[in-house]
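**Student:** In case you want the letters, here they are:
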Amino acid sequence: MLSRIAESLFWIGRYVERADGTARILDVHLERLNHLPMEEQRSVAQELLAVMGARAQSEDFGLPELLNALAYDKQSATSIAGSLGAARENARRARETVSSGLWESLNTTYYGLNQHRKDVVGTYRFCNWVLERTAMVSGLADTTVSHDESWQFLVLGRSLERADMTARMLSTRDVLSAGMSWVNMLRCAGAYESFLRTRRAAFGDQHAAEFLLLDRLFPRSIVYALRDADECLAKLDPSAQRVGFINDARRIVGQARTFLEFHRTDDLMSELPEHMERVQKAVSQASDAISRKYFNQADELAWVGEVS
Amino acid sequence: MSDLFQDYSVAAERTGAYDEMFTPGQEPRKSYGQVAGALRELSLADVTARADSMARTFLDRGVTFDFAGEERPFPLDIVPRVIPADEWTVLEQGVAQRVRALEAFLNDVYDKMAVVTDGVIPRQLVTTSAHFHRQVHGFEPAGGVRVHISGIDVVRDAAGTFRVLEDNVRVPSGVSYVLENRRAMAKGLPEAFGQQLIRPVEEYPRRLLSALRKTAPSGVDDPTVVVLTPGVFNSAYFEHTLLAGLMGVELVEGRDLICRGNRVYMRTTAGEQRVDVIYKRIDDEFLDPLQFRADSMLGCPGLVNAARAGGVTIANAVGNGVADDKLVYSYVPDLIRYYLSEEPVIANVDTFRLEEKEAREEVLDRLDELVVKPVDGSGGKGLVIGPDASKDELDALRKRVIADPRGWIAQPVLQLSTVPTLSGDKFGPRHVDLRPFAVNDGDDVWVLPGGLTRVALKEGSLIVNSSQGGGSKDTWVLADSPEVPVETLPRQAITVRERVSVWPVESNWRDSQKEQQQ
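These protein sequence lines are chains S and D, in that order.
If you read the first sequence in the working numbering, its first letter stands for residue 1, the second for the next number, and so on.
If you read the second sequence in the working numbering, its first letter stands for residue 1, the second for the next number, and so on.
Chain D on its own, in the form it takes in the complex (with noise of 0.2 Å):
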């Protein structure tokens, strides 16, 4: 290894932390080999030089998030984070089976509530959920899915072993990073791409857009999806105009959009258009003045009554938060015995629910040692890491959560596994988490094989989120076997195909000319 990863192992053993690319020994795993391969050859310069190529290719193309109203770089850092085929598989399958278990909870909950009837999860859990919508109890929306766009946040665990740390099904964001860091990467470290398999991630558009049409309200041959945005000051900006562009569809706002008769329209110059299929990204408090905010000018008046009466499909349905809401969390395990009739693939984390007795006394009491999240933030807000917390801020959070139990649920500290990252002028290890992406055509739940890694870039911070100096890296997934994507044909297809002729026999001006002088 060259002096790159000087220190490396050291810095390593101290955060006690699993580390993706070496083993204790410093000895790069198996599926890193290639990677490893490929820095041990490049010089501090190389490195630095394309770690402010691949930064510059990201300003350039406007791959940025919003940071306090101002459009910021996503920082990509150039050692990828790779997950082996066998791993993969189980958190594929975990992702999926999670993914099922959310969407029959909210069927359930937004119908007979037969979860509660059967005592698995206490009514008033679900109806206190911030995010539990009554407007749009009582009905199937247009389609029959709810959860369409997942993003199922995994991290490892000081063992080594995978946890999901949370849901996200109402508006998971994070995707465009990933189709952006691929390419990126393919131009930026292309060493440590050739020899081995690496599964595409430029796929996820087309079947994004396949389930999204798939799932339209019936009866509609052709139907037209739009992604619904809040507008160019959201901090996910960026992510609507690439999903809309890559699936070559409208990406409207709130005014472009009228409902007439349980339907919705789009004003385009050759009159207003029917929409079939809204992918929404705002939140649902946006979404539908009539029914939510009333002052809100992001949505459309009459959208929630349109998708009631099954004139539009949105996506991801109106009151999913419900589902992941982190004191649900909590159950989701119970959740996929009861509905699936099958074991969790993947754990979750340890949870105390603070509005039981005993569990609240034993948090207070080690409020200095937990983390202790709000139930329905988001991007990292509000949540207090108690090592790092002051005095103050502790007993502030305990005030809050006495007044608020129902608000708050507490987890160990949990050492992130980490990744190398360049900093300064060396790597040091750096703690991640993972998001894969899940799309759900009503059939069948794909994940995405890639994901998006996010990294804390502040050497032995938690948190990843990028509002909160977070960076992010490609993630490999690599395939066992020869297996090529979809839209492959085999090579020899080609070679062999006969030689068809359709154009007239050639008669240009110097045949013509040779017959002539004959």
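For reference, chain S alone in the conformation it holds in the complex (with noise of 0.2 Å):
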């Protein structure tokens, strides 16, 4: 298939999933935000959109502008909107690809952006929404798309997205350490039902942390989302290796897996930070291997010619 598509469909798998995981991130934590008093609020608001990957542009940065740069920025590719509009973009480029329901999803998604009021109560509306859409995309990706190559780098993008997105999750811990930390952790990841019943009385951050990070069963676990990646690219890259990978993007995405699967610690918590940076760096270096790998073949390779 053309890199241009194959790039295309990685990316919105990507956007889609970075708006499903801001939303819920945005929809946990501006419960708690509203409760606290002003300063606290701002400098909180603050350190969510660090966590978030984005940085505050004055001082004046409160609520208000939290709301924006997390949902309706549509210039910035950290808000529910920039990326929602990005994933619609990517589907407009690859749509004799993409199922017609696919992009109609997208599509319809990308006009009903504007139709939220955008004070707190709205934005608790706007979020639930963003995640019905960001779901019916996935639900249609999923049923109405053949599961060949193209899905694979849709899939892949996912995954690795949502790796990363739930290490944010995991790392707003620290920016809202009053309150019951660990359950809007799980909140944000949807987790809560599930945890409690895979944990019986144990409750608590570390065993939270550990759900969220370790566990095999659950989808969005950061062990969880790169185990998929990890299959994805090697149903991208069949060619049977007798002996270590070529394929940086594997060996990035293995290594992470692995060192968290393998790893063994008594005090998780005190780690979290770093798992969660290393996390975030590997995601971002697997993403830029696959770039190099299938997506910019046409300066190396000008000569060769499509390579699948």
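Treat the hints as calculated values from the structure; they're not laboratory data.
The C-beta atom is built at its ideal place from N, Cα and C for all residues, glycine as well.
A hint or two may mislead.
Said to hold, decoys possible - Label pairs and their calculated CB-CB ranges:
1. G37(D) with N68(S): 39 to 49 Å
2. A158(D) with S58(S): 32 to 42 Å
3. G37(D) with T143(S): 46 to 56 Å
4. V502(D) with K118(S): 41 to 51 Å
5. K118(S) with E87(D): 33 to 43 Å
Stated by the list, open to error - Chain D residues, not near chain S, derived (Cβ > 12 Å throughout):
6. T57
7. G119
8. I198
9. A347
10. F352
11. V413
12. G442
With the hints in hand, could you dock these two chains into one complex?
**Tutor:** As structure tokens, then:
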């Protein structure tokens, strides 16, 4: 398939998942933010923005600015509106490849972005709406697109972004330490009920972090998402290797996943910031490596033509 | 105040009740400052839009109760009921005290009945109670607790004093609405939360689970807890699912359980699994066809024997109903003095015992100005409010009281306190009660800081039951100090934490490439 199309699909996967994760984080943390005194609200809003990977433009950055930056700012790739706009733009470029169902749901979502009130109460509804739309997009992608190479790229993007988003959800613990941070972390990931069912009476930060980081069965856990990504990469490049990997992306993803899976620790909480940083770094490196291998061939291999 | 509160003071004065939000001069009370401020900013359109959205959320989430076979959302009003810290401290003590007294009473009643021997309460009163079950006489339940979960209904009279209206120590329900209301309010009226400390309610399921586990039969290391529901047609089914979900335990029906060798098991895909603690949400009469109603399909035969043998903890214990009999209620202040040697913290509502001849005669004379209630009723069933009743109703009541004086009590009509409640296009005063929930783990009685405030949505109505047109309000208990919930770590603890490094030193292809180039 065309590299250009593959790249579009990869980024549709990433952007839709990013919108979904950002909506989840915003929905949960908005509730907490609202309960804080003005001063603290401002500093927490800035920290939360930093966790999401952006920097506040001015000292005056407070709740309304946070809403704009994470939900409504169409120019920024960090915000929900920006991500969904970018996903739709990518789908438009690959329109002949994606199913009409997938394209239409992305397009409808894009035109629905403006139909919400941008205050706190409206944002709750906006977040819910985004969750519904992204679930619909993923569902249509899974059921109306053949699970061939193009779908693998979409899922690859989605899985990498999911690992990244879960890492950010876990990082929000540092931002809002007041209150029940672990419940919030789990709520962000929609994992609260699943967690409770697996843990019987063992509650707390440590267990919640472990669940989101290492659980092998919960689809939004980092280990699970990285394994998905790994499987996609293996299917995209099935050339059997007896020794080692020549695919950088596979090496990066595989190293991160196996390190987490086989790592043994007594104090997960104190290591958590490092894990999160490493996971985010691994995701961005893997993404780079994938771009180099699959999307950027025009520069390097100008005379070879398309290599699938 | 915006025009939403126009005419409020007039209406409030007409009820003659204590208003929770405003002083008689239409000034918001101190505890309501923030709420009043938030409401002042909103227009009618805002308020209606938010109320609609809250109702829709409830329907979407399935926060319903079953009314005549139909799932209905439990109406949640947008104005919260706020309880200042000092008032709550008193309520908390009073509720815990009552629970301890009732616990002692139940232990005594199903054992030596010292309370009867010492002449505090007549034997006949205990033995004629519909919920006094001889089947559970003479053994202490495993874990030693009988009233694990209780809901003590309190109301505020016209003078602003809290009084206990009734005790619920069988299957108190409504705590799910406390949890859901808070979630809905956090999204529906976010402005009102800001600058004040409202005590969280979300730890309830964990407290409950830990209390249930703590009272498991001895010798069980990792007890399995289940919630026993009568099934999807029960009016509180939503609550059963919510609590089981939030505790992360199985929700079982009677047919999922089997008793063998005085142990209880549930049928699972991995074979039979032992059950140690049953949080029972069905009435005693239906629990065990071997002991109670033989035609019951809801329970599981053998449960009572298993409990007697100490093989399973049933929470709340079977036979608790004798303690919330409304005639026993009138003796609770005496029971508190008898068992705890303390004075009651919260008073009862004055109650006429109709078995006593003078009381009965007085009540029959004043039937049209009193409230008459059946002693074993719940949900407002069978209750007659004298001033609102027709002559025929009163005559029928008179006959029934004379036929069965043990079956009824009478109380003066209380003007329950009011809270502003959205009705049509403005706020009007509506009467409320309050049900705080207490969890007893054997060592300590913990009272959930909050509770279910039920509100009679019809103007002037005093009946707050959901089955009779009642709604609810979120109940906010204010904290007087910046006290934070248990799970909290101080903020600094995280920022000053030393950086730990466990990942192997980075060696990805880029680094190695650079090295090669050098």
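**Student:** None of the hints should be skipped; say for each whether it holds.
**Tutor:** Here's how the hints hold up against the structure:
Separation of G37(D) from N68(S) is about 25 Å and departs from the stated range, judged on CB atoms against 39 to 49 Å. Checking the proposed 32 to 42 Å range against A158(D) and S58(S) shows it is violated: the Cβ atoms sit about 55 Å from each other. Against the hinted window of 46 to 56 Å, the Cβ-Cβ separation of G37(D) and T143(S) comes to about 50 Å, which satisfies the hint. Checked against the given bound of 41 to 51 Å, the beta carbons of V502(D) and K118(S), roughly 42 Å apart, stay inside it.
Checked against the given bound of 33 to 43 Å, the beta carbons of K118(S) and E87(D), roughly 39 Å apart, stay inside it. Listed as a non-interface residue, T57(D) fails to keep its Cβ farther than 12 Å from every Cβ of chain S; the least gap is roughly 9 Å. Look at G119(D): its CB is around 45 Å from the nearest CB on chain S, clear of 12 Å, so calling it non-interface holds up. The Cβ of I198(D) does not lie farther than 12 Å from every Cβ of chain S; its closest approach is about 8 Å, which violates its non-interface assignment.
For A347(D), the shortest C-beta to C-beta distance to chain S comes to about 35 Å, beyond the 12 Å cut-off, and the non-interface label holds. Consistency note on F352(D): stated as away from chain S, and its beta-carbon is indeed over 12 Å from all of that chain's, at 47 Å minimum. Once the 12 Å rule is applied to beta carbons, V413(D) is consistent with being away from chain S; the minimum gap is 40 Å. Every Cβ of chain S is farther than 12 Å from the Cβ of G442(D); the closest lies at roughly 16 Å, confirming the non-interface assignment.
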